[in-house]
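All chains should be modelled from the sequences, with the hints used to inform the complete structure.
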Amino acid sequence: MRIKVTAVFDIGRTNKKFFLFDSDFQEVYREYIRFDEITDEDGYPTEDLGALEKWAKAVFDRMLDSPEYDIVSLNFSCYGASLVHIDEDGNVLTPLYNYMKSLKDDIYDAFYEKYGPEDELSRITGSLKLGMLNTGMHLFWLKREQPEVFEKIKHSLHLPQYLSYL
2 MRIKVTAVFD
12 IGRTNKKFFL
22 FDSDFQEVYR
32 EYIRFDEITD
42 EDGYPTEDLG
52 ALEKWAKAVF
62 DRMLDSPEYD
72 IVSLNFSCYG
82 ASLVHIDEDG
92 NVLTPLYNYM
102 KSLKDDIYDA
112 FYEKYGPEDE
122 LSRITGSLKL
132 GMLNTGMHLF
142 WLKREQPEVF
152 EKIKHSLHLP
162 QYLSYL
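So for the sequence shown, the working numbering puts the first residue at 2; every next one is plus one.
Calculated directly from the structure, the hints in this document are not laboratory data. Treat the hints with care, as some may be off.
Label pairs and their calculated CB-CB ranges [stated by the list, open to error]:
1) PRO46 - LEU131: 17 to 25 Å
2) PHE26 - ASP62: 45 to 53 Å
3) GLY91 - ALA59: 13 to 21 Å
4) THR40 - TYR80: 28 to 36 Å
Okay, derived cross-link-like pairs now, SDA-like style, lysine to any residue, Cα gap no bigger than 20 Å in a straight line [what the hints assert, rightly or not]:
5) LYS55 - ASP106
6) LYS55 - LEU167
7) LYS130 - TYR80
Computed from a prediction, not measured in an experiment: that's the story for all the values here. We treat Cβ as the ideally placed atom computed from N, Cα and C, and that holds for glycine.
Structure (structure tokens):
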């Protein structure tokens, strides 16, 4: 009889991990992997989303076919506030921009000119000036810097939601 398990992907910046836990939350399987970073169009280091997708699908498919385990639930735990932008056909439009990527001052200036003074906006929204860690700032940056790409976006998903979408 197959063991009923919960599958968990734990995606960190350095290590990618996959676990299976039984109904008593005891670990019954684990797998670790690391990927080399790639760079975005500005030369900034970022996650190799294609390699991550390929690995996650392969591991999950292999475990679904396992004679030992019956996956009854799935969870994703991922780092940062990274967004995956997809078009209406589900195609990824941009690299997985690193949430530590710095933004130019003119982006901040334009953002706060449009949406209000930094201090007041931070107080109202509870969101500090944290660059690409801020989803709104990330989207504002993309709209200004790559309007042709921004126009094609159907959905912007945080990394855990994107992996669930796959």
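Verification of the supplied hints:
At about 19 Å, the CB distance of PRO46 to LEU131 agrees with the hint of 17 to 25 Å. The hint said 45 to 53 Å for the Cβ distance between PHE26 and ASP62, and at roughly 24 Å that hint is violated. In this structure the supplied range 13 to 21 Å holds for GLY91 paired with ALA59, their Cβ-Cβ distance being about 19 Å. For THR40 and TYR80, the Cβ-Cβ distance of about 18 Å falls outside the hinted range of 28 to 36 Å, so the restraint is violated.
This hinted pair does not check out: LYS55 and ASP106 have alpha carbons roughly 37 Å apart, beyond 20 Å. Restraint check: the Cα-Cα separation between LYS55 and LEU167 comes to about 10 Å, which is no more than 20 Å; the hinted pair holds. Proposed proximity of LYS130 and TYR80 is supported: the alpha carbons are some 19 Å apart, at most 20 Å.
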